[in-house]
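**Student:** Sequence:
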Amino acid sequence: MFRFDSAHTGFNQHLTDLYKSQVPHLQLRPGWPFVTADAVTSSPAVVDRVAYVGSNDMHLQAIDANGKLLWRFPTRGDVVSSPAVVGDQVFVTSADGSLYAVSTAGRSLWSKPYGFGRSSPAVSEDGKTVFAAAEGGDKRLYAFEAATGNLKWTYPKAGTGNGYRSSPAVKDNRVYIGDDQGDVTALDAATGAEVWTHQSPGAGSILSSPAVTDEALYIGIGASLTALDLTTGLPQWQVPTGGQVTASPAVDTAHEQTDRVYVSANDGFLYSVRDHGTTVRQTRLGPPGTSGLVSSPAVAHDVVYVGADNHVAAHDATDLTLLWTGLPTNGRVTSSPTLAEGQIFVGSEDGGLYAYYVPDAAVTPATPTAVPESAPAAPVAPPVPSPTAMPSPRPPTDAVPPSPAASSPAPPTASDPPRSGPTAQNPVPTPGK
Numbered sequence: 001m002f003r004f005d006s007a008h009t010g011f012n013q014h015l016t017d018l019y020k021s022q023v024p025h026l027q028l029r030p031g032w033p034f035v036t037a038d039a040v041t042s043s044p045a046v047v048d049r050v051a052y053v054g055s056n057d058m059h060l061q062a063i064d065a066n067g068k069l070l071w072r073f074p075t076r077g078d079v080v081s082s083p084a085v086v087g088d089q090v091f092v093t094s095a096d097g098s099l100y101a102v103s104t105a106g107r108s109l110w111s112k113p114y115g116f117g118r119s120s121p122a123v124s125e126d127g128k129t130v131f132a133a134a135e136g137g138d139k140r141l142y143a144f145e146a147a148t149g150n151l152k153w154t155y156p157k158a159g160t161g162n163g164y165r166s167s168p169a170v171k172d173n174r175v176y177i178g179d180d181q182g183d184v185t186a187l188d189a190a191t192g193a194e195v196w197t198h199q200s201p202g203a204g205s206i207l208s209s210p211a212v213t214d215e216a217l218y219i220g221i222g223a224s225l226t227a228l229d230l231t232t233g234l235p236q237w238q239v240p241t242g243g244q245v246t247a248s249p250a251v252d253t254a255h256e257q258t259d260r261v262y263v264s265a266n267d268g269f270l271y272s273v274r275d276h277g278t279t280v281r282q283t284r285l286g287p288p289g290t291s292g293l294v295s296s297p298a299v300a301h302d303v304v305y306v307g308a309d310n311h312v313a314a315h316d317a318t319d320l321t322l323l324w325t326g327l328p329t330n331g332r333v334t335s336s337p338t339l340a341e342g343q344i345f346v347g348s349e350d351g352g353l354y355a356y357y358v359p360d361a362a363v364t365p366a367t368p369t370a371v372p373e374s375a376p377a378a379p380v381a382p383p384v385p386s387p388t389a390m391p392s393p394r395p396p397t398d399a400v401p402p403s404p405a406a407s408s409p410a411p412p413t414a415s416d417p418p419r420s421g422p423t424a425q426n427p428v429p430t431p432g433k
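In this text, residue positions in the sequence shown follow the UniProt record's numbering: the first is 1, and each later residue adds one.
Treat the hints as calculated values from the structure; they're not laboratory data.
Small disclaimer: the values here were computed from a predicted structure and weren't measured.
The beta-carbon is built from N, C-alpha and C at its ideal position, and this holds for glycine as well.
Be aware that a few hints might be false.
Pairwise CB distance ranges, derived in the manner of DEER restraints [as the list claims (entries may be wrong)]: (1) 194 to 325: 26 to 34 Å; (2) 27 to 302: 19 to 27 Å; (3) 223 to 278: 40 to 48 Å; (4) 236 to 281: 13 to 21 Å; (5) 157 to 17: 24 to 32 Å; (6) 236 to 137: 32 to 40 Å; (7) 151 to 325: 41 to 49 Å; (8) 48 to 160: 20 to 28 Å; (9) 113 to 254: 38 to 46 Å; (10) 278 to 25: 33 to 41 Å; (11) 275 to 30: 39 to 47 Å; (12) 157 to 30: 48 to 56 Å; (13) 127 to 284: 16 to 24 Å.
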């Protein structure tokens, strides 16, 4: 799911291959990028060699390892959030104000209105509860039964909440989230009862999503990276940055000393923080003047991956030395990289989903299946036709986009700006992607 796991650490301790020595050899995988009909600010979830990703073309897409479309699921709004995959269920929110449960075969299971939001859903550690936070509507955090969609609780239980653009994180039967008033709240995951709230007057809306380990909760609050005590919610340490932190931290917990935390900020820098906030490094992402970074880093095997301007980059996790950069795309990379099965997956506002791999460590592709029709419960009427070749790399939203040929791995051309949501010219932070 978004940030890899329920705790949103952004750290894949199960990644096979893709060690530091292999990173400079990364290449765009043949058959990629997969081109959607609008901007991809959603961060993909990759399970069993299938990538699930949302697009501003109002669809959730499933793509196989060869960059071929398996199915598209329609919604009535932009899908800027990131899907969560548990067993044979995929959960995703849409700007139409609904949370959707879709089978891994692309069929509707259930959908529930909860209020407009860009926040990504999170699933409890036992897989039985889905949490979705609303920025609009009644601005509350919702807990639904994963199997049925039945409502379990909301927070606050009555009245209007503060609204959320942060995505909830779950660990040890607690849910953690930041709101649009600068508060970070811990709740009992089973009942929705408030455990504690940390207030930051004047900090403004929290767009960063918390990352939680046994050591602390890490989150961007205003122009700082903050560590909060899990028991009391009091600050353990705070590291100032040169711009607002709208991205979400990644935390490497593989080392015996203390957590190693990485985050990008709107000053255009990637930060590394360790030793309880006492050791700080930083490096610029992109050319001088690069700012507005909302791509959240991911970390594995002592390498940090992050969207930097119009491409994805890999840095040494120890000294932040640049190890590799991906192909420049025709849009900003505000999607957060996903590390899975020895590969890197990341979206671009040019409408493409990119997959990079080390050729000697290629995975076996999944077997393509027919594009299924949407079940009657889906909110838009017509079934989605099977993929057909289209003359433009940015086809109309009611058509299934083609995948570029393996011999032409050039980025898609942004012939028209996205219909809504973030654009390369005027990016809107969407940390819940």
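**Student:** Does each hint fit the structure? Answer for all of them.
**Tutor:** How the hints compare with the structure:
no.: 1; hint: 194 to 325: 26 to 34 Å; verdict: violated, 44 Å
no.: 2; hint: 27 to 302: 19 to 27 Å; verdict: holds, 21 Å
no.: 3; hint: 223 to 278: 40 to 48 Å; verdict: violated, 19 Å
no.: 4; hint: 236 to 281: 13 to 21 Å; verdict: holds, 19 Å
no.: 5; hint: 157 to 17: 24 to 32 Å; verdict: violated, 47 Å
no.: 6; hint: 236 to 137: 32 to 40 Å; verdict: holds, 34 Å
no.: 7; hint: 151 to 325: 41 to 49 Å; verdict: holds, 45 Å
no.: 8; hint: 48 to 160: 20 to 28 Å; verdict: violated, 41 Å
no.: 9; hint: 113 to 254: 38 to 46 Å; verdict: holds, 41 Å
no.: 10; hint: 278 to 25: 33 to 41 Å; verdict: holds, 35 Å
no.: 11; hint: 275 to 30: 39 to 47 Å; verdict: holds, 43 Å
no.: 12; hint: 157 to 30: 48 to 56 Å; verdict: holds, 52 Å
no.: 13; hint: 127 to 284: 16 to 24 Å; verdict: violated, 40 Å
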